[in-house]
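> The UniProt record's numbering applies: residue 1 is where the sequence shown begins, and numbers increase by one.
Don't read these hints as lab results, they were simulated from the structure. Among these hints, one or two may not hold up.
Unchecked claim - Computed list of lysine to any residue pairs in SDA-like fashion (alpha-carbon distance at most 20 angstroms, straight line): (1) 160 <-> 30; (2) 188 <-> 222; (3) 76 <-> 137; (4) 56 <-> 72; (5) 73 <-> 160; (6) 74 <-> 25; (7) 79 <-> 166.
If you're wondering where the values come from, they're calculated on a predicted model, not measured in any experiment.
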Amino acid sequence: MKKLLLIFLSSFLILQTVRGFDYHDNELESEESLSKLYDRWRSHHSVPRSLHEREKRFNVFRHNVMHVHNTNKKNKPYKLKLNKFADLTVHEFRNVYTGSNIKHHRMLQGPRRGSKRFMYENSTRVPSSVDWREKGAVTEVKNQGQCGKYKTRSIMLDMKGVFTGHCGTELNHGVAAVGYGSDSHGRKYWIVRNSWGPEWGEGGYIKLERGIDDSEGRCGIAMEASYPVKLSSSNPNAKEDDDLKDEL
Numbered sequence: 001m002k003k004l005l006l007i008f009l010s011s012f013l014i015l016q017t018v019r020g021f022d023y024h025d026n027e028l029e030s031e032e033s034l035s036k037l038y039d040r041w042r043s044h045h046s047v048p049r050s051l052h053e054r055e056k057r058f059n060v061f062r063h064n065v066m067h068v069h070n071t072n073k074k075n076k077p078y079k080l081k082l083n084k085f086a087d088l089t090v091h092e093f094r095n096v097y098t099g100s101n102i103k104h105h106r107m108l109q110g111p112r113r114g115s116k117r118f119m120y121e122n123s124t125r126v127p128s129s130v131d132w133r134e135k136g137a138v139t140e141v142k143n144q145g146q147c148g149k150y151k152t153r154s155i156m157l158d159m160k161g162v163f164t165g166h167c168g169t170e171l172n173h174g175v176a177a178v179g180y181g182s183d184s185h186g187r188k189y190w191i192v193r194n195s196w197g198p199e200w201g202e203g204g205y206i207k208l209e210r211g212i213d214d215s216e217g218r219c220g221i222a223m224e225a226s227y228p229v230k231l232s233s234s235n236p237n238a239k240e241d242d243d244l245k246d247e248l
């Protein structure tokens with residue numbers, strides 16, 4: 001059965017991957033070279049900044065560049081790059097681009113009211129990897145624009161590889177899991193589609209570590225998972241049962 005898993009993640013994403021912005025170590029050696037790097041980054045991502053705000057934006061950019069540089073020197077299964085959000089602070093980013101208060105809505109809804117009709121089929125014989133994009137079941141990546149909170153700098157930036165960093169479980173952003181797999185080192189991951197445009201992450205997607213000990217999953221991916229159901233084969237517009245409603 002074709003199902004795309006809708007999940008809500010905790011604060012995690014500003015730096016990027018596939019079409020990210022590259023720099024050289026010698027561009028970090030002085031204030032002058034950093035300033036030129038900032039101007040080159042602004043031109044690359046078409047980020048307009050007034051003369052009045054350039055200085056404070058440059059200060060944030062410098063901090064984020066060094067975070068990227070220092071993180072990438074460590075032996076981590078992912079690498080960071082500078083995307084179009086690289087002169088924003090984490091506070092600014094989460095106030096503008098992540099605004100789903102999942103805990104608030106869940107409290108208003110009360111106890112879960114699942115229909116208990118869903119059953120796994122052949123759960124002991126699942127394939128080692130699945131990618132619903134290859135089956136034509138995934139729509140193109142869109143940019144939701146500003147919506148309102150992600151708080152981990154390493155996800156606000158772009159990355160390539162499997163993200164294994166800390167990002168908390170305070171859910172505030174919805175994404176879609178469109179598959180799963182493992183890398184050449186046997187590291188398991190979810191294929192997650194985001195909504196910040198195809199220039200973010202790996203073409204709008206990120207590989208998020210799968211199979212960790214915490215039941216919440218990396219970045220809270222397993223905390224509020226939901227999936228679509230077909231109510232009627234003959235009447236796709238049939239009124240939904242109360243038990244299946246979920247306003248989240």
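> Between residue 188 and residue 222, is the straight-line Cα distance small enough, at 20 angstroms or below?
Cα-Cα ~15 angstroms, so holds.
> With the threshold set at 20 angstroms, check whether the alpha-carbon distance from residue 160 to residue 30 stays at or below it.
Status violated; Cα separation ~27 angstroms.
> Verify the proposed pairing of residue 76 with residue 137, using a straight-line Cα cut of 20 angstroms.
violated (32 angstroms)
> Hinted pair, alpha-carbon criterion (20 angstroms max): residue 56, residue 72. Please report holds or violated.
Distance ~25 angstroms between residue 56 and residue 72 Cα, so the pair is violated.
> Regarding the pair residue 74 and residue 25, is the alpha-carbon distance no greater than 20 angstroms?
holds (15 angstroms)
> Assess, step by step, whether the Cα of residue 73 is no farther than 20 angstroms from the Cα of residue 160, and give holds or violated.
Distance of about 14 angstroms is within 20 angstroms: holds.
> Take a quick look at whether residue 79 and residue 166 sit within 20 angstroms of each other, Cα to Cα.
Roughly 15 angstroms separates the two Cα atoms, so the pair holds.
Hint compliance for this structure: hints 1, 3, 4 are not met, and every other hint is.
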